[in-house]
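*Asks:* Take a look at the letters that make up each chain.
Number of protein chains: 2
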Amino acid sequence: MQAWKDYQQQHKDRFLNELLDLLRIPSVSARSEHKNDMISCAEAVKQRLLEAGADKVDIYPTPGHPVVYGEKFLDASKPTVLVYGHYDVQPADPLELWNSGPFEPVIKDGKIYARGACDDKGQFYMHIKAFETMTQTNSLPVNIKFLIEGEEEIGSRNLQDFVEAHKELLKADVILISDTAMLSLENPSIDVGVRGLTYIEVEVTGPNRDLHSGVYGGAVANPITILAKMIASMHDENNHITIPGFYDDVLEVPAAERAELAKAPYDEAEYKQDLGVNALWGEKGFTTNERTGIRPTLEVNGIWGGYTGEGAKTVLPSKAFAKISCRLVPNQMSEKMTKVVIDHLLSIAPEYVQVKATPHHGGDPYMTPVNSDEYRAASKAIETTFGKTPIPVRGGGSIPITALFESILQCKTVFLGFGLDSDNLHSPNEKYDVANFYKGIETIPYFHQYYAEMKK
Amino acid sequence: MQAWKDYQQQHKDRFLNELLDLLRIPSVSARSEHKNDMISCAEAVKQRLLEAGADKVDIYPTPGHPVVYGEKFLDASKPTVLVYGHYDVQPADPLELWNSGPFEPVIKDGKIYARGACDDKGQFYMHIKAFETMTQTNSLPVNIKFLIEGEEEIGSRNLQDFVEAHKELLKADVILISDTAMLSLENPSIDVGVRGLTYIEVEVTGPNRDLHSGVYGGAVANPITILAKMIASMHDENNHITIPGFYDDVLEVPAAERAELAKAPYDEAEYKQDLGVNALWGEKGFTTNERTGIRPTLEVNGIWGGYTGEGAKTVLPSKAFAKISCRLVPNQMSEKMTKVVIDHLLSIAPEYVQVKATPHHGGDPYMTPVNSDEYRAASKAIETTFGKTPIPVRGGGSIPITALFESILQCKTVFLGFGLDSDNLHSPNEKYDVANFYKGIETIPYFHQYYAEMKK
Numbered sequence: 001m002q003a004w005k006d007y008q009q010q011h012k013d014r015f016l017n018e019l020l021d022l023l024r025i026p027s028v029s030a031r032s033e034h035k036n037d038m039i040s041c042a043e044a045v046k047q048r049l050l051e052a053g054a055d056k057v058d059i060y061p062t063p064g065h066p067v068v069y070g071e072k073f074l075d076a077s078k079p080t081v082l083v084y085g086h087y088d089v090q091p092a093d094p095l096e097l098w099n100s101g102p103f104e105p106v107i108k109d110g111k112i113y114a115r116g117a118c119d120d121k122g123q124f125y126m127h128i129k130a131f132e133t134m135t136q137t138n139s140l141p142v143n144i145k146f147l148i149e150g151e152e153e154i155g156s157r158n159l160q161d162f163v164e165a166h167k168e169l170l171k172a173d174v175i176l177i178s179d180t181a182m183l184s185l186e187n188p189s190i191d192v193g194v195r196g197l198t199y200i201e202v203e204v205t206g207p208n209r210d211l212h213s214g215v216y217g218g219a220v221a222n223p224i225t226i227l228a229k230m231i232a233s234m235h236d237e238n239n240h241i242t243i244p245g246f247y248d249d250v251l252e253v254p255a256a257e258r259a260e261l262a263k264a265p266y267d268e269a270e271y272k273q274d275l276g277v278n279a280l281w282g283e284k285g286f287t288t289n290e291r292t293g294i295r296p297t298l299e300v301n302g303i304w305g306g307y308t309g310e311g312a313k314t315v316l317p318s319k320a321f322a323k324i325s326c327r328l329v330p331n332q333m334s335e336k337m338t339k340v341v342i343d344h345l346l347s348i349a350p351e352y353v354q355v356k357a358t359p360h361h362g363g364d365p366y367m368t369p370v371n372s373d374e375y376r377a378a379s380k381a382i383e384t385t386f387g388k389t390p391i392p393v394r395g396g397g398s399i400p401i402t403a404l405f406e407s408i409l410q411c412k413t414v415f416l417g418f419g420l421d422s423d424n425l426h427s428p429n430e431k432y433d434v435a436n437f438y439k440g441i442e443t444i445p446y447f448h449q450y451y452a453e454m455k456k
Numbered sequence: 001m002q003a004w005k006d007y008q009q010q011h012k013d014r015f016l017n018e019l020l021d022l023l024r025i026p027s028v029s030a031r032s033e034h035k036n037d038m039i040s041c042a043e044a045v046k047q048r049l050l051e052a053g054a055d056k057v058d059i060y061p062t063p064g065h066p067v068v069y070g071e072k073f074l075d076a077s078k079p080t081v082l083v084y085g086h087y088d089v090q091p092a093d094p095l096e097l098w099n100s101g102p103f104e105p106v107i108k109d110g111k112i113y114a115r116g117a118c119d120d121k122g123q124f125y126m127h128i129k130a131f132e133t134m135t136q137t138n139s140l141p142v143n144i145k146f147l148i149e150g151e152e153e154i155g156s157r158n159l160q161d162f163v164e165a166h167k168e169l170l171k172a173d174v175i176l177i178s179d180t181a182m183l184s185l186e187n188p189s190i191d192v193g194v195r196g197l198t199y200i201e202v203e204v205t206g207p208n209r210d211l212h213s214g215v216y217g218g219a220v221a222n223p224i225t226i227l228a229k230m231i232a233s234m235h236d237e238n239n240h241i242t243i244p245g246f247y248d249d250v251l252e253v254p255a256a257e258r259a260e261l262a263k264a265p266y267d268e269a270e271y272k273q274d275l276g277v278n279a280l281w282g283e284k285g286f287t288t289n290e291r292t293g294i295r296p297t298l299e300v301n302g303i304w305g306g307y308t309g310e311g312a313k314t315v316l317p318s319k320a321f322a323k324i325s326c327r328l329v330p331n332q333m334s335e336k337m338t339k340v341v342i343d344h345l346l347s348i349a350p351e352y353v354q355v356k357a358t359p360h361h362g363g364d365p366y367m368t369p370v371n372s373d374e375y376r377a378a379s380k381a382i383e384t385t386f387g388k389t390p391i392p393v394r395g396g397g398s399i400p401i402t403a404l405f406e407s408i409l410q411c412k413t414v415f416l417g418f419g420l421d422s423d424n425l426h427s428p429n430e431k432y433d434v435a436n437f438y439k440g441i442e443t444i445p446y447f448h449q450y451y452a453e454m455k456k
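Chains U and P are the protein sequences, given in the same order. Heads up: the first sequence runs through residues 1 to 456, numbered per the numbering used here. Heads up: the second sequence runs through residues 1 to 456, numbered per the numbering used here.
The hints are simulated quantities; they were obtained by calculation from the structure and are not laboratory data. Watch out, some of these pointers could steer you wrong.
Copies of the same chain look alike in the list, so a pair counts if it fits in one copy or across any two.
Once the Cα atoms are required to be at most 20 Å apart in a straight line, the calculated SDA-like pairs of lysine to any residue come out as [what the hints assert, rightly or not]:
{"hint": "1", "residue 1": "K229", "residue 2": "H344"}
{"hint": "2", "residue 1": "K284", "residue 2": "W98"}
{"hint": "3", "residue 1": "K356", "residue 2": "G276"}
{"hint": "4", "residue 1": "K272", "residue 2": "E351"}
Looking at chain U on its own, in the form it has when it is part of the complex (with noise of 0.2 Å):
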């Protein structure tokens, strides 16, 4: 639509600014330093969106980091979108890795730097502008409710008492998230499922104090020494998890379905390139894009014990700690796994040590029906603005959130996601690019009205 297209170029600068505005507000939800920087942030958003046409916005307080919610109400005959985003970020930790600071922004090659800038800070605030964009020039299709949340990173917490208490308040017939990647500018494409996860972090505690190692070493089990080998023994030698009934409830992927996943961009070459390895780790019998998408995965996402400073200390610690987590695939439900697992861990603990497993937040998998409206809509509105239909894939990461949207308020989840896998996520030099930036906010339009008149 031309008025869209004129608003947004009218404003474009703007746009990328007050993005760049949010972004200087550290709220690392995992911090309890940064509580009052996630209150700054929820007031912000709130601004935002009061800005760009909501009728009411409120900010609800928590037990944790509160949850902005806000809406315009057209009329009842119209359909209305949740769109879901969170405001809080990952920490921005290894600092010393970061070419500039993580919540001092800089564009460079056309690239945002900082932490959130994809993740998801700047996807959601796509939708604030999209939103303006119908609002200013008197176009909005549908009635539109934000749900932005500042848990997403440690668990999203608190959001299922919140959604609970609130059902009537956010009753709407789709949800709408932008917190996923697409294959590329070139290769647009749509989650179309996500994973579960379940996470534990482990304390194996052997002798009662630190011990010289000297004294007490080959004489008494070394905490670090049994992590290690009860990581190690967590993967055979095809790196198939070993933990009995890990594989239960996996649904296999049907090979009309595998072989259509397969028709997705992949060059092994580059991939390895980007990464700066060698060679690929993965589950025998499984590509890359199947390891990442369709298969269940333990990885390690933390390690420490012992004398961990400068220089050598020849010490014998009392305790080692691993965080570990587990991707899970459709049918896999995230509190059996957490047993699952955990019982696993205590199982293989020699009585040398003690072993504490405790689980941290996790989620169930999700997964898009590709016959849906909602996903067809979405599907038309990519085709609009980039000119190709997108591929439907499966995405590696989790948004655990989505599983308890359709148990709570029965209602489907469509991913619209504009980052890419190269946007270091998570990682020192988080970066979004400012096209992507710009085409979500002009496609996102588009899947509102298709959605309007696919619901008429």
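Fit chain P to the known structure of chain U by using the hints.
*Replies:* Relative to chain U, chain P alone:
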């Protein structure tokens, strides 16, 4: 000698208070922020040596931390004893596990709690007070030299150059070191051997940046998992070390000597209870005392990688690190074994990752001949003040400088240690029993007396 006893009784409170003052200086050699504390500590040691009766004391700068050298020369007909000690201490972390400040010494239940209380400030300070006792009672029977260095805890990096450059200055008939433990005041013992050491830092690099564990997990090798597998592979199911060639140079200890060592009192239930473990761990076929005394070991002293902060972060890290050290037994030379271990680490690195292994400090094992004058003088001194012949035992720790002294100064070392294994060396709440401190001061002059008599 009654004069010694009287003098020590009269000054015992001052002796203790002087030690507490020394313990207040945070002379952590491993941390560059303590550079000035190291200088203050060297100055304090110099002052105490002068006050105790040294003819001259000098502080020698090195490329690292300074060496304190002091002496009192009587005449060339008397034998010369070189007392070696170190004024540097291990880092105090983890700080949160200390019951009182590591550099705010407190005395509780007859024990001095502070970093360095036993290792080695409390022990070398006994020599200064024993020296004072002899000079003040005009009964010093030997020429005495003090070499108190500041880099023992970081591998005595610059001491070899110093010793080589000052061979004449350091010339002695015997080297006396109190930096080891005895079984207990009731079961006095003398370490007849210390193990050697090799200490290696390993860096495993997977992808060139931290990755999102959902987007890339399962398709790219996780350096933590790989490092865990490498560590896990280095002990077999009998806890033998699997590194090819690792045991090649080990001098097997004859059955007769093993039988002799087995006489040292050892209560397994008490040992386990003290450490808070349900089961001991170690190389099959050897007892606890053998595992820590006559067998080489491999311990992971530290490990780190990925996200180690509060909460959850779904990262697949670029790098993982470990600090690994081996204790070496007679005939295993440190330089060779360092190469053996590093070569092995590189050889087992899979193609998915890059492995870098860097040696920290090391040292060769050392044995004191039990039929030597120096051992006999030490044994007799302990018999005099404890009323019991000390048991010769093999210590698990390492004093790398002893092998160096032997090769450069052609001089044997005797270990006259008064610590206890339970002194929490290198750990939180390091302590030294006040009784052991005084017992050391009481015993040391007899060593000098007996040694002078034997050398007449």
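*Asks:* Hint by hint, say whether it matches the structure.
*Replies:* How the hints compare with the structure:
{"no.": "1", "hint": "K229 - H344", "verdict": "both (13 Å within a copy, 18 Å between copies)"}
{"no.": "2", "hint": "K284 - W98", "verdict": "neither (35 Å within a copy, 48 Å between copies)"}
{"no.": "3", "hint": "K356 - G276", "verdict": "between (36 Å within a copy, 16 Å between copies)"}
{"no.": "4", "hint": "K272 - E351", "verdict": "between (42 Å within a copy, 12 Å between copies)"}
Hint check: a violation occurs at hint 2 only; the rest are consistent with the structure.
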